[in-house]
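*Asks:* What follows is the residue order along each chain.
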Amino acid sequence: MSGPTLLLAETGPRGLQAASLETIGVARALAGEGPVVAVIFAGPSDTATAALAAAGADKVLCLRHPFLEEGRGAACAFVVAEIARELGVELLLVGGTPFGREVAGALATAWDALAATQVTEVRRTANGYSLKRPVFGGRASESLELAGPRVVLALRPNSFGGAPPTPRACAIEEHPVPTIPPALLPGTRVRVRPAESSAGPDLGTAPIVVAGGRGFKSPENFHLLEELAASLGAAAGASRAVTDAGWRPGSYQVGQTGRSVSPQLYIAVGISGAIQHLVGMMSSRVIVAINSDPNAPIFRVADYGIVGDLFAILPPLTKAIRTARGLPT
Amino acid sequence: MRIVVFVKPVPEAETRLRPSADGARLDTDGVKWVLSGYDESAIEQALLLKEANAGSEVRAVTYGPSPRSEEVLRACLALGCTSAGWVEAPADLPPDVRLKVRALRQAAVRWPADLYLLGQQSLDTESGLLPLALAMALGVPGANGALDLAFDAARNELSFERSSEAGVEEWRLPSPSVIGLKQAKNDPRSAKLQNILKSRKMPIDRIPAVELPAAPEVTGNANRFRFELPPPRTGARLIEYAAPDEAAEKLVRVLREEAKVFP
Ligand SMILES: Cc1cc2nc3c(=O)[nH]c(=O)nc-3n(C[C@H](O)[C@H](O)[C@H](O)COP(=O)(O)OP(=O)(O)OC[C@H]3O[C@@H](n4cnc5c(N)ncnc54)[C@H](O)[C@@H]3O)c2cc1C
Ligand SMILES: Nc1ncnc2c1ncn2[C@@H]1O[C@H](COP(=O)(O)O)[C@@H](O)[C@H]1O
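If you read the protein sequences in the order shown, they are chains A and Z. Using the numbering used here, read the first sequence as starting at 1 and increasing by one per residue. Using the numbering used here, read the second sequence as starting at 1 and increasing by one per residue.
Since the hints were made in silico from the structure, they are not lab data. Please note that a few of the clues may not be correct.
[What the hints assert, rightly or not] According to the in silico footprint, chain A covers these stretches of chain Z (three or more CB under 8 angstroms from chain A):
{"#": "1", "stretch": "97 to 104"}
{"#": "2", "stretch": "164 to 173"}
{"#": "3", "stretch": "229 to 237"}
Backbone N, C-alpha and C fix where the C-beta goes; we use that ideal spot for every residue, glycine too.
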């Protein structure tokens with residue numbers, strides 16, 4: 001390989017995105033002894049930059065520009081493509097967030113690259129990269145061979161476990177921002193309201209998600225779900241029946257018209273398992289269903305099930321998890 | 001307002017997925033093709049904008065083989081689209097988004113619009129790459145994952161919300177723009193029988209494959225070499241229990257020791 005392996009890191013309200021950290025491990029594994037260079041739209045002394053530097057990159061390039069920090073896919077892709085050309089990069093990785101998907105799409109054009117999203121496995125081959133990704137909402141998977149010279153991959157969150165890379169000596173440099181063509185900048189991000197979510201991690205990339213459905217019967221009962229989520233350090237989600245009824249904000253919704261999630265563990269409580277819900281969570285690694293109806297379709301995709309009344313099951317379950325994890329009960 | 005909606009036929013949700021004999025792709029024998037879910041929402045969104053802006057036109061455009069292309073275009077006409085465009089293509093396109101960009105760019109040039117609307121991602125291949133790849137190629141602003149679009153004719157501006165890692169973002173983009181839609185205000189409508197009958201006689205404008213610009217140097221080579229189903233889900237292993245406490249403890253044990261999902 002000629003140039004370094006490049007990755008584009010993403011920052012969010014909570015600092016460096018978990019999806020970006022995962023990207024470093026994969027970049028490291030694919031780069032072998034070659035250098036891994038990370039690009040971040042943040043300052044050299046920001047906490048996200050420090051986290052990135054500590055995670056195993058050889059070099060972090062910091063670019064500051066308000067439009068880039070707004071996460072405009074086209075402008076970000078333009079800038080990253082310029083850097084990739086400058087460094088002679090052949091492989092570029094991004095996290096599998098909405099931002100990562102936008103940038104990957106824009107890079108296919110801006111960098112004239114082969115691109116794939118939702119990548120769950122990847123290895124180098126004689127010609128380029130061989131990769132696997134889920135399709136049809138996790139009901140099947142496809143394997144692709146992308147034979148470079150330029151390849152951009154957006155990785156599916158939580159798909160690449162394994163040991164975190166060993167930190168190395170990392171150079172943090174400020175990099176000048178190439179002049180962005182004016183055609184890529186029009187439009188205004190009027191404002192951003194923080195998502196109304198539970199205290200836990202972000203739903204889209206959390207390693208554990210617990211989601212509640214109409215079985216909770218009323219909004220007052222959702223504390224049972226939030227408590228279960230807290231015991232696991234999980235993100236809380238919901239079915240559309242729940243968000244449509246206003247029991248939980250729209251940002252909780254998992255499924256075709258909500259967030260797509262692929263955690264290590266997904267616990268569906270009082271959710272029937274309609275196809276529009278399943279396509280948003282079916283590629284989770286382990287699925288648990290708790291439902292009073294033994295014929296609920298959710299049991300067909302779940303690995304483990306408890307047939308029972310959630311109001312009876314959740315309190316002891318939360319307690320048992322807290323005990324198992326050594327948390328106060 | 002002129003709107004072009006790019007739509008893709010996908011196997012209907014109930015399709016039993018099977019790999020082809022060579023194991024490389026989906027066996028499409030006997031598959032019934034329907035509009036991809038997010039594209040249904042994009043059509044709904046376009047029709048809502050058409051209803052809100054007098055004198056608007058909505059053109060559905062697809063790039064693909066026969067007969068599925070005509071079938072979904074007729075479905076779009078039956079829903080209320082005013083015209084349809086078909087860019088002909090062979091059934092098996094390599095998984096390289098740049099090829100689609102080239103074809104759809106041709107359609108965008110032939111049918112200029114104030115808004116190029118797509119689904120945020122296809123329901124079958126789930127790539128989600130096309131909206132921004134196309135925006136870049138057309139040199140106009142692009143955004144993906146939009147909810148509930150509005151058009152301000154006086155300011156020639158589109159506004160929408162979308163959710164990102166930062167929260168719920170509120171955007172205004174000048175027209176023309178390329179937007180990948182997640183959800184319209186309403187669930188997609190269904191077509192009335194009389195409109196289905198009428199749509200059968202409506203013309204479909206074609207861009208024959210040969211009219212596409214001669215391939216520029218396409219760098220790199222993408223191919224799909226395997227399509228597989230996950231090991232069959234045998235259904236959940238049900239936890240047997242006499243009392244809720246026992247169910248809770250047994251579940252914690254299997255998650256920890258067997259599934260190894262939490263420390
Ligand atoms: C275009 C479109 C898009 C859609 N997008 C989405 C989407 O993104 N996400 C989504 O989730 N849905 C979506 N839907 C809706 C979907 O079809 C279902 O209606 C919805 O998922 C049902 O939510 P639910 O499972 O919470 O409710 P229900 O289907 O009513 O199921 C409630 C479940 O709770 C169980 N239950 C009841 N009481 C108890 C109890 N005491 N203890 C344990 N279990 C109990 C019941 O047995 C039942 O299985 C969409 C629909 C359409 C048409
Ligand atoms: N062959 C096609 N013809 C027309 N539009 C398409 C085609 N493929 C994808 N699209 C559009 O692009 C969106 C995103 O697709 P994808 O990037 O393939 O996930 C889809 O929802 C469609 O709106």
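*Asks:* Next, verify each hint and record whether it holds.
*Replies:* Against the structure, the hints:
no., hint, result
1, 97 to 104, "holds (count 3)"
2, 164 to 173, "holds (count 10)"
3, 229 to 237, "holds (count 6)"
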